Every structure is written in structure tokens, then in C-alpha cells.
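Enquirer: Here are the chains, one letter per residue:
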Amino acid sequence: MEPKGLIGDLEKRFPGEIVESSRDGEDLVLVILPEALLRIMGSLKGPPYSYKLLLDLTCVDFRRDASIFEMVYHLYSLDAGRRVRVKVRLPAESPSLESLADLWRNANWLEREVYDMFGVVFMGHPDLKRILMYDGFEGFPLRKDYPLRRRQPKAEKGNAT
Amino acid sequence: MMLEPRPERNSMLLNLGPSHPAMHGTVRIMVELEGERILNSEVEIGYLHRGFEKTCENRTYFNLLPYTDRLNYVSPLINNAGYALAMEKLLGIEAPERAQYIRVLMCELSRISDHLTSVAAMGMECGAFTIFLYMMKAREYIWDVIEFTTGARMTASYIRIGGVRADLHPDYRVALEKAVCETRKVLKDVHGLLDGNKIFLDRTKGIGALTPEEAVSYGWTGPCLRSTGVRYDVRKARPYLVYDRMDFDVPLGMNGDNYDRYLVRMMELDQSLRIVEQAAAALPPRAPIAAGDRRPIDPSDAIRVSRGQRAVGPVRLSPNLEGSEKNVYSDILADDRRWTLPPKEDAYTTMEGLINHFLFFMKGRGIRPPKGEVYFSVEGGNGELGFYIVSDGTDRPYRLHLRAPCFHIVSALERLIKGRYVADVIPTFGSLNMIGGELDR
Numbered sequence: 001m002e003p004k005g006l007i008g009d010l011e012k013r014f015p016g017e018i019v020e021s022s023r024d025g026e027d028l029v030l031v032i033l034p035e036a037l038l039r040i041m042g043s044l045k046g047p048p049y050s051y052k053l054l055l056d057l058t059c060v061d062f063r064r065d066a067s068i069f070e071m072v073y074h075l076y077s078l079d080a081g082r083r084v085r086v087k088v089r090l091p092a093e094s095p096s097l098e099s100l101a102d103l104w105r106n107a108n109w110l111e112r113e114v115y116d117m118f119g120v121v122f123m124g125h126p127d128l129k130r131i132l133m134y135d136g137f138e139g140f141p142l143r144k145d146y147p148l149r150r151r152q153p154k155a156e157k158g159n160a161t
Numbered sequence: 001m002m003l004e005p006r007p008e009r010n011s012m013l014l015n016l017g018p019s020h021p022a023m024h025g026t027v028r029i030m031v032e033l034e035g036e037r038i039l040n041s042e043v044e045i046g047y048l049h050r051g052f053e054k055t056c057e058n059r060t061y062f063n064l065l066p067y068t069d070r071l072n073y074v075s076p077l078i079n080n081a082g083y084a085l086a087m088e089k090l091l092g093i094e095a096p097e098r099a100q101y102i103r104v105l106m107c108e109l110s111r112i113s114d115h116l117t118s119v120a121a122m123g124m125e126c127g128a129f130t131i132f133l134y135m136m137k138a139r140e141y142i143w144d145v146i147e148f149t150t151g152a153r154m155t156a157s158y159i160r161i162g163g164v165r166a167d168l169h170p171d172y173r174v175a176l177e178k179a180v181c182e183t184r185k186v187l188k189d190v191h192g193l194l195d196g197n198k199i200f201l202d203r204t205k206g207i208g209a210l211t212p213e214e215a216v217s218y219g220w221t222g223p224c225l226r227s228t229g230v231r232y233d234v235r236k237a238r239p240y241l242v243y244d245r246m247d248f249d250v251p252l253g254m255n256g257d258n259y260d261r262y263l264v265r266m267m268e269l270d271q272s273l274r275i276v277e278q279a280a281a282a283l284p285p286r287a288p289i290a291a292g293d294r295r296p297i298d299p300s301d302a303i304r305v306s307r308g309q310r311a312v313g314p315v316r317l318s319p320n321l322e323g324s325e326k327n328v329y330s331d332i333l334a335d336d337r338r339w340t341l342p343p344k345e346d347a348y349t350t351m352e353g354l355i356n357h358f359l360f361f362m363k364g365r366g367i368r369p370p371k372g373e374v375y376f377s378v379e380g381g382n383g384e385l386g387f388y389i390v391s392d393g394t395d396r397p398y399r400l401h402l403r404a405p406c407f408h409i410v411s412a413l414e415r416l417i418k419g420r421y422v423a424d425v426i427p428t429f430g431s432l433n434m435i436g437g438e439l440d441r
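Taken in order, these protein sequences are the chains called A and B.
Just so you know, we're using this note's numbering here: the first sequence kicks off at 1 and counts up by one.
Just so you know, we're using this note's numbering here: the second sequence kicks off at 1 and counts up by one.
Just so you know, the hints here were simulated from the structure itself, not pulled from any lab data.
It cannot be assumed that every hint is accurate.
[To be verified] So, partial list: chain A residues that the calculated Cβ filter (under 8 Å) puts toward chain B:
| id | residue |
| --- | --- |
| 1 | Leu54 |
| 2 | Leu55 |
| 3 | Leu78 |
| 4 | Trp104 |
| 5 | Arg105 |
| 6 | Ile131 |
| 7 | Gly139 |
| 8 | Leu142 |
None of the values given here were measured: they were computed from a predicted structure.
Every residue, glycine too, gets a C-beta built ideally from N, C-alpha and C.
Next up, chain A with everything else stripped away, as it sits in the complex (with noise of 0.2 Å):
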């Protein structure tokens, strides 16, 4: 389906729900609200859009201008050849939103990054837990106010599994 299209069909089937909508190049982009984001994922993945692939999940730190973390979900359609990215803001004081693991399952482990990276709490992932750095570490290091040179304390003694 044409981005044109596509966008017209989801302002019709979710009212209200797609904040803004752009274009990069020949990939839409649209920014939609968390309490959507489920359904307005679930039916992208699903006929007619068939965008079954989740590329890519992260996360934007824009808490020094507008307050707000930004989750950005890069879709793809294998039949189209076209992309699509889903933006959703969060309120930078408790940022969580539901979890894709049942929808994907990379999502699994993306949100696990996300989270380990973030502090962004993911409802419903089945085992959401840091990915990247280990149990203990403190802060959430791609936030813009971990500083680049930060210390961590030494992990205490049989902390290790």
C-alpha cells in the first residue's frame, strides 16, 4: 500500500490515536500515542500491511528540550519493500509503555536493551532484566545525563551468577 493510502486507512481505523505524520523519502513516519501502541502495531503487522518485520527498537533521550523519552520502532513489509517508522513520546519522569514481546519475539530482547539503556519499563515483557550491562550496574547509561566517564562501584563479591 501506497504511504498515502496508508496513512488515510490508519487515521480512519484509529481516530485521534496518530499524532503526526511525515515522510522520509518514500518511508512513512508517523508518531502515535502509547495508549495505541499495541493495536496500531498489531495491525501493521497483520493483512492488509503485512509489516512483518520489526527492524529495529530504540530509544531517544529528548529530555533536554521537550521532557520526553521517544521509542522508535522501525517496521518493514517484505512483500512492499517499504519501511515504516512508528514513533511514540514518553513523559520523561516514568517513562514505560507496553511491551511487543508478543507480537515479535526480537522484541524480547530489544526492549531488554531499551530498558538496560533507558530505565524505560516495558508492561507485560516476560523477563525484563538488563541485556547488556550486569546486575548491579547503576544508571542507565545512553540517558544524556550519565556522564561519558562515569565510575561504577566494584561489584561486591559473589554478586556474580
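With chain A's structure known, arrange chain B on it following the hints.
Expert: Same frame as chain A, now just chain B:
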């Protein structure tokens, strides 16, 4: 916290890695066993985490290039290309045609070295040490070609924003022909040694299989996805550089098991060799050097002359800058001094060149893309290698995120080995071609 022992199930825990010869870098797999059957497993990653994204967000756009070399360190040039192309999309520039062909050539050579390494390691882990030695031999020839032009075997930082660092070495064709010929020979030998080898087949056929639906759900891309029969190759689906002018096939597997992953990689090696040959044949010639150019003079003489008068003709440069002389700039780098480094001759002999050089490297100056964001992906050795860059208009990326194909592939490992034997872990893991630098970033 990893898996806990559960005495009521009469199972035992076995720890594989993180420092284990078969773990390709560092990854830890904890398996819960009943006899030799794997009931459950847990994969722990992050042992090679360097904070790549955080580091890049604190480096200028030009300075962070060498960090990308160290992602998938077996095919660093593809990482360079992915980053450079993402930046070019953000800046709205395009590399000259000759540079694009050189990039294709270099990317495919890197893919060959990536696949060779992957199959070599997998073969060795199944007990076929000969395969390993043969393929490492072929890889040396490939790296000779790369070294000839880039000056480095692995950490090349050769493909830059706007083009490439230097033109191809005048004699590169000899090395290239040798490498292609030797690699073909090795591939033939490896096919003969492995394709019908009972030991190899027993450990790979039907083991670690994934259905196409599951593979897509796990976000698999690259050879692993294609081994399940899903036709997705970024070079075909979203052509970049001059891949749309190249004639090559996308080999597909059927069963998505270890054997198909091996076979798809082997077939892709053939295709990459085809692309290399085509790119070398179609390489646009260098722009003719303007008539009236004088004989090159030594850098020290040029600097001395330029103190008194406006400088001079071509300058003979030190060997480590070979191929990046001013007269080849129009062939290898986009013609926009805001985003590309001025030629060294100018920096040494003219005032404007020196100013440009300083402006390029000064804090807060240099490459400052407009505000915005970009996602661009290339076909890496393991699959779709994507860069997501958010620019806030300064000289450093506000956010740089890498879509690492390995991450998605390794996330399916627990699923692949569940219910199998301990001995199946090694070939299954080997066939996924985990690269620690890319997985952990």
C-alpha cells in the same frame, strides 16, 4: 540472574563460555540438561560491550568513523559504508561514480572475508580443521587486496562520508585477480570436502532449524533469513550504491537449518565474487589529469615555495596518503568542502586550504548536518546493518543507534537449541556467525 538449578527435575546446569574457543568472542550459554538433552538455556551477552553508541554521541561525525570498523570486525568496510551512506542521506550528497564502484568492490570483498571466516569457523568446530586452513588462506588473499588500497587489513576506516579515502592502488588488479582465482579454488575444495561429508551432515542437517515465520518474527535478516527461504536482501530490496547495475542472484535455502546456512553462505560467496569481477570491469576510468601539470615535487619544497608565492603543481606525498592526491579528489570524494577533508597539498601550501583544514577539525565546526533523523541500512555480512542517526545541528550526533543483525539472530539461539543435545550447540552457534563486536556494541 541466570538459570537456577532445579533438583526436583533431576537436571543439571552446564556453563558454556564466556571464554571458550567455540564461543567466537565472548558469550555465555547456560544450559539446563537432562542427560544430554537441553531442557532450557539462557544466553548471556554483553561481555564485549564498549558503549559504542555512547562513545559515538561524544565524537564528531568525522571522528567516530574508526569506531564503526570495530563492529563487525571481519567486514569493517561494510560498516564504514553503512555509516557513510546514512550520513550522505542526511546531508543530501552523493559520492562520485568511481567511488561508488570502489565501495561496491570493497564491500563485496569484505563480505567474502566475512563468509569465509564464518564457514571456516563452523567447519573447524565440526572437526574439519582443513576447511579452516583453506579458507583462512583464501581470506589472506582477499585481505591482501584490501590492504593494498586501504593500508590496513581489518580496521581500514577507508569508506568515508562523501566517498572513499584514497583511490585504488594502480596495481590492485593483479592482487584482485589472484584473490578471486584462489578463492574460487578454495570454494571448490570446500564444497568437495563438506557437501557430502557424513560427519558434517550429521551435525548440520535438520539441526537448528527455524521456520520462515519464526525467522521473520525474530527479526532475522541476511544469510540466516535467506536459509529459511525468505527472499530479502537489502541490495535487491532497497538498492544502494550501484548494486542495481550488478548482475547477481540471491541464493535461498529451504530448511533453515545449519546445513542450509552453510550452503547459502557458500553460494553467496560465488555471487560476491561475480559482483567483484563486474565492479572491477565496470570501474569508471579516472578523470584525465589536466594537461600542463608539472612533475610532482617534494612536500618540503612545496612548503618552502608556498611561503613566498602561490603554490605550485602536484605534490609528492608521503606513502601513507598514497591515492589521495589532489588530482584524484574529484574521482573519490563528493565535491563539497563542507563535508569532506581538503586535500593535504592545499592544507600545506595555501592559506585557504589551511583554514579549511582547521575549520573541518575545530571543535563545534566540521560536519554539522541539518536537524533531523535518518535511518539507512546496507546488507552486512550477517544481514541488515542499519544506522539510525538523530542530528540536533551540532557537530556530534545527538543519537546514534546501530541495528546490529547479530543481535536479532543470536536472540533466537535459545529457541534453536531447546530440546537438542549439547553437541548440537556448537555447530548451531557456529552457523549463526555471531560477531561479538557487533552483537554487544
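Enquirer: Evaluate each hint against the coordinates.
Expert: Structure-based check of each hint:
1. Taking 8 Å as the C-beta contact cut-off toward chain B, the hint placing Leu54/A at the interface holds, the least distance being around 5 Å.
2. Interface restraint check: Leu55/A against chain B, minimum CB-CB distance 6 Å, threshold 8 Å, status holds.
3. Look at Leu78/A: its Cβ gets to within about 6 Å of chain B, closer than 8 Å, so that hint holds up.
4. The beta carbon of Trp104/A comes within 6 Å of a beta carbon in chain B, closer than 8 Å, and the hint placing it at the interface holds.
5. Because the beta carbon of Arg105/A sits about 5 Å from the nearest beta carbon in chain B, less than 8 Å, this interface hint is met.
6. The criterion of a C-beta within 8 Å of any C-beta in chain B is met by Ile131/A, whose closest approach is roughly 6 Å, and the hint holds.
7. Hint status for Gly139/A relative to chain B: violated, with the closest Cβ pair at about 12 Å, above 8 Å.
8. Residue-level restraint check for Leu142/A holds (minimum Cβ-Cβ distance to chain B is 6 Å; threshold 8 Å).
When held up to the earlier numbered hints, the structure conflicts with hint 7 and nothing else.
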